[in-house]
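*Asks:* Starting from the given sequences, assemble the full structure and let the hints guide the process.
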Amino acid sequence: RMHQQIMYEQQRNKLNAMSKAQELGNLISMRRNSLGLTYDQLSDISGLSPYEIIQIESGNISSITMEKCFMILSALRLNLSAYPV
812 RMHQQIMYEQ QRNKLNAMSK AQELGNLISM RRNSLGLTYD QLSDISGLSP YEIIQIESGN
872 ISSITMEKCF MILSALRLNL SAYPV
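In this text, residue positions in the sequence shown follow the numbering used here: the first is 812, and each later residue adds one.
Simulated from the structure, these hints should not be mistaken for lab results. On a predicted model such as this, the values are computed, not experimentally measured, just so you know. Heads up, a few of these hints could be off.
As the list claims (entries may be wrong) - Distance condition first, Cα-Cα at most 25 Å in a straight line; then the derived DMTMM-like pairs of lysine to aspartate or glutamate:
#1 Lys831 x Glu878
#2 Lys879 x Asp851
#3 Lys879 x Asp855
#4 Lys825 x Glu878
#5 Lys831 x Glu820
#6 Lys879 x Glu834
As the list claims (entries may be wrong) - With beta-carbon atoms standing in for the labels, derived distance ranges:
#7 Arg812 x Thr876: 19 to 25 Å
#8 Gln852 x Ala828: 26 to 32 Å
#9 Gln852 x Gln821: 21 to 27 Å
#10 Tyr850 x Ala893: 23 to 29 Å
#11 Arg823 x Gln852: 34 to 40 Å
#12 Met818 x Pro861: 46 to 52 Å
#13 Ser845 x Tyr819: 37 to 43 Å
#14 Arg812 x Asp855: 53 to 59 Å
#15 Glu878 x Gln816: 31 to 37 Å
From the three backbone atoms N, C-alpha and C, an ideal C-beta is built for every residue, glycine too.
*Replies:* Below is the structure:
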């Protein structure tokens, strides 16, 4: 029973993380567009490849490091905040 509960919590956390990754990707996409930047321009500013930017904007961040996430946030002049929910 305890094992099932742990598995349930892990699955719930994974789904929540996927949702947050999608939210972050949407925010990054909206900010890039509001600044009038193309993928190539943001790539030049952030140091990430256009492919990596597309992956982040799509919410596919499983292969993206925290450092790269911070690089793109910095390039877009965005701050990351964390707080209890």
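*Asks:* What's the verdict on Lys825 and Glu878, does the C-alpha distance respect the 25 Å limit or exceed it?
*Replies:* With Cα atoms ~21 Å apart, Lys825 and Glu878 stay inside 25 Å; holds.
*Asks:* Please test the hint of 46 to 52 Å on the beta carbon pair from Met818 and Pro861.
*Replies:* violated, 38 Å
*Asks:* Take a look at whether the Cβ-Cβ distance between Tyr850 and Ala893 falls inside 23 to 29 Å.
*Replies:* Cβ of Tyr850 to Cβ of Ala893: about 27 Å, so the range 23 to 29 Å holds.
*Asks:* Given the hinted pair Lys831 and Glu878, is their alpha-carbon gap at most 25 Å?
*Replies:* holds, 17 Å
*Asks:* Given the hinted pair Lys831 and Glu820, is their alpha-carbon gap at most 25 Å?
*Replies:* Holds: Lys831 and Glu820 sit about 16 Å apart, inside 25 Å.
*Asks:* Do the alpha carbons of Lys879 and Glu834 lie within 25 Å of each other, as the hint requires?
*Replies:* Judged against 25 Å, a Cα distance of about 17 Å means the pair holds.
*Asks:* Can you tell me whether the CB distance of Arg823 to Gln852 sits inside 34 to 40 Å?
*Replies:* holds, 38 Å
*Asks:* Does the beta carbon distance between Gln852 and Ala828 stay inside 26 to 32 Å, or does it fall outside?
*Replies:* Once the Cβ atoms are compared, 29 Å apart, the range 26 to 32 Å for Ala828 and Gln852 holds.
*Asks:* Between Arg812 and Thr876, does the beta-carbon spacing fit 19 to 25 Å?
*Replies:* violated, 37 Å
*Asks:* The hint says 21 to 27 Å between Gln852 and Gln821; measuring C-beta to C-beta, is that right?
*Replies:* Because 39 Å falls outside the window, the suggested range is violated.
*Asks:* Falls inside 31 to 37 Å, the C-beta gap from Glu878 to Gln816?
*Replies:* holds, 34 Å
*Asks:* Given the hinted pair Lys879 and Asp855, is their alpha-carbon gap at most 25 Å?
*Replies:* holds, 13 Å
Consistency with the previously given hints fails for numbers 7, 9 and 12, ordered from lowest to highest.
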